[in-house]
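Chains as they are written, first to last, in the numbering used here: chain A, 369 to 761; chain B, 312 to 599.
Every clue listed holds true.
Coverage of chain A stretches by chain B, computed from C-beta distances (three or more under 8 Å per stretch; other residues unrestricted):
| no. | region |
| --- | --- |
| 1 | 541-552 |
| 2 | 635-646 |
| 3 | 721-729 |
| 4 | 733-740 |
Derived Cβ-Cβ restraints for the label pairs, each shown as a range:
| no. | chain 1 | residue 1 | chain 2 | residue 2 | range |
| --- | --- | --- | --- | --- | --- |
| 5 | A | 655 | B | 413 | 43 to 53 Å |
| 6 | B | 322 | A | 613 | 38 to 48 Å |
| 7 | A | 655 | B | 376 | 21 to 31 Å |
| 8 | B | 322 | A | 723 | 20 to 30 Å |
| 9 | A | 370 | B | 478 | 23 to 33 Å |
| 10 | B | 573 | A | 693 | 47 to 57 Å |
| 11 | A | 369 | B | 410 | 43 to 53 Å |
| 12 | A | 600 | B | 461 | 49 to 59 Å |
| 13 | A | 552 | B | 322 | 35 to 45 Å |
| 14 | B | 566 | A | 618 | 28 to 38 Å |
| 15 | A | 370 | B | 356 | 30 to 40 Å |
Here's a subset of chain B near chain A, in silico, CB distances under 10 Å, partners left out:
| no. | residue |
| --- | --- |
| 16 | 334 |
| 17 | 336 |
| 18 | 345 |
| 19 | 347 |
| 20 | 368 |
| 21 | 371 |
| 22 | 376 |
| 23 | 472 |
| 24 | 517 |
| 25 | 544 |
| 26 | 545 |
| 27 | 549 |
| 28 | 586 |
| 29 | 587 |
Quick caveat, the hints were computed from the structure, so don't treat them as lab data. Remember, it's a predicted structure, so these values are computed and weren't measured experimentally. Every residue, glycine too, gets a C-beta built ideally from N, C-alpha and C.
Given next are the chains, with one letter for each unit.
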Amino acid sequence: MTREVLSGNAAQAYAVRLARAQVVSAYPITPQTTIVEQLSRFVADGTLDARFVEVESEHSALQVVVSASALGARSYTATSSQGLLLMHELLHWAAGLRAPIVMGVVNRAVAPPWNIGADHTDTISQRDTGWVQLYPESSQEVLDTVLQAFRLAELAEVRLPAMVNEDAFYLSHTVEPVDVPPAELVDRFLPPREGHAILRPGVVARLGSFTGPDHYVEFRHELARATDEVLRRLPEVEEEFRRLTGRTHGGALATYRTDDADAVLVTMGTMSTTARTVVDELRAAGRKVGLAKLRLFRPLPEEELRRLAGSVDRLGVVDRAFTFGASGPVAGEVRAALYAAPQRPRVDSFLAGIGGRDVTPGHVHRMFEELLGPDGAETVWEDLAPTEVGVHG
Amino acid sequence: MREIRFHGRGGQGAVVASELLAQAAFLDGKEPQSFPFFGVERRGAPVTAYARIDDRPIGLRTSIVAPDVVVVLDPGLLGTTPVTDGLRPGGLLLVNSARPPERLAVPPGVYRATVDATAIAVEHGLGSRTMPIVNTTVLGALARASGVVSLEALQRAIDRYVPSRPRENRAAAADGFASVRLLDAVVPPERLAVPVAPGASPTIPEGPVATVPSRSIRTAAWRTLTPEIELARCTRCNFCWKYCPDDAIELDAQGFPRIVLDSCKGCGICAAVCPPRTIAMVGLEEAA
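From just these sequences and the hints, can you work out the full model?
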């Protein structure tokens with residue numbers, strides 16, 4: 369085990385090298401670019417034995433890794449924001465073809481107006497494509513999660529593509545100490561991918577053929593069952609990883625000081641770190657608050673959310689994206705998941721960190737105050753400037 | 312925890328400087344964190360980068376708004392960018408400038424230092440006279456002026472992580488260390504170690520720690536800085552009220568704090584313990 373100071377993007381590239389990915393294809397886009405820059409250096413200096421395929425767009429990048437994956441290669445790509453949106457059609461293809469690709473997505477705001485800051489709209493709006501979505505909060509968790517994502521994605525019962533998402537800059541470009549496991553250890557956790565080649569060179573076959581209603585339903589149902597399997601298998605994969613490295617990141621819903629909490633905030637990504645510090649501050653002042661980090665957004669860990677709901681009076685869900693005409697998207701999903709719960713706490717919806725806006729300890733303090741207060745019917749846009757910015761001239 | 316904010320222009324190496332500082336602090340056995348804030352990614356555009364250094368893992372992922380140290384790589388930014396915003400009393404402003412530190416305008420209670428990093432960088436062939444790469448020189452000066460990192464660790468970090476001309480960069484860092492001009496003595500590291508995490512304390516008092524208010528001794532006359540509370544961001548945690556050593560803070564009917572100016576001696580403890588950092592220590596003339 370070596371300890372190095374790495375950015376989230378470097379940690380992602382280190383993990384892909386440790387995973388011995390065989391095909392990498394990507395198109396540059398800020399703030400993702402440094403992931404594939406680092407990977408192309410690894411390929412050039414011979415420390416990663418992979419085929420690096422240069423392409424002219426994100427759409428083509430994903431097509432390359434879908435094809436490579438169908439041939440049985442462990443395949444990786446990375447993108448961000450508009451690049452992910454350009455991939456949209458092929459995201460459905462990757463999941464439908466059951467291609468266990470891992471993709472790093474650096475969560476960046478969607479234009480217009482043009483913005484490169486952290487925002488989850490890009491990945492949240494791909495939630496119905498059938499991809500697994502994981503949201504780590506630190507460089508260490510990025511490295512570990514990429515390895516776990518390959519393991520999970522390639523399981524015979526799963527065979528689904530997975531996104532490992534990083535908040536732009538607050539994670540992608542933040543350097544901090546990371547334990548880098550030795551290659552031999554990772555090889556035991558993640559042996560070479562085998563037995564999944566749908567296509568073979570020299571054998572004429574067709575993939576994604578026309579399928580009528582007589583069979584299409586069953587294909588979709590299988591996809592649905594495979595997605596459910598992720599919820600069952602993630603704890604096993606994490607436990608195996610813990611046995612080898614001693615590290616765990618808390619499963620699909622990582623709870624912190626929630627046992628006797630009156631009010632719990634649900635967060636995704638980097639704001640979880642700051643929120644945990646605020647939980648400690650408030651606990652020291654005698655307030656019973658806790659944090660639940662949603663690591664896995666797709667599939668949604670509904671049972672774990674219901675279990676959490678059974679012991680708290682108030683849940684506040686902090687979204688870094690908005691579903692227009694509705695609420696924060698995660699808040700909406702949490703409310704839906706809890707509808708079948710025997711005990712349903714009040715669920716408040718907060719929006720914070722949109723377009724790279726800083727989420728400070730002060731904001732988290734205020735969200736807890738609002739959560740413990742009397743209201744909570746509508747979505748609260750945290751830190752909204754009091755004067756409207758004119759957008760129509 | 313020490314919080315350091317770098318101001319530079321695209322192409323000068325401010326982002327690399329903050330990363331190198333993190334690498335060097337790591338070699339010193341510390342837990343560092345560093346990240347940049349990009350606006351427009353273009354050469355010449357103002358760039359901000361942040362670094363935090365602590366003995367335990369950093370529990371924050373936010374920009375630095377109340378730094379202990381501000382480092383300015385380009386003196387031209389002084390007129391256009393509010394570089395000293397939020398700089399803590401007892402903190403340090405370090406500027407790449409040929410001028411003496413007396414010429415720097417700073418908030419009261421802030422230490423000043425300058426280093427002629429442009430001349431040193433050019434002498435070592437780092438960049439050109441119009442676009443010198445001053446980051447390693449400035450980091451050497453920072454090591455001497457602030458003590459947040461050792462010169463030895465900084466030079467090891469340069470050897471490992473600076474891909475181009477490590478020997479020249481190492482020498483420039485040493486020259487920066489040797490030639491930095493400090494207005495006062497070297498800032499004692501304990502002065503920079505402002506307590507910022509009240510949660511680290513296992514017990515928070517129920518009420519004010521002060522038992523005797525300074526009503527009879529007019530300590531207000533000692534005051535050179537006045538606390539100003541930005542009530543819009545106040546969370547009413549009342550830490551300021553609890554920790555004021557002179558019982559110089561009252562709570563109004565809604566629980567918001569108010570400074571009793573007759574008793575406040577301007578020690579700054581309220582500002583240091585405020586979790587959302589809503590209290591600024593301002594000079595008497597600026598105080599409302």
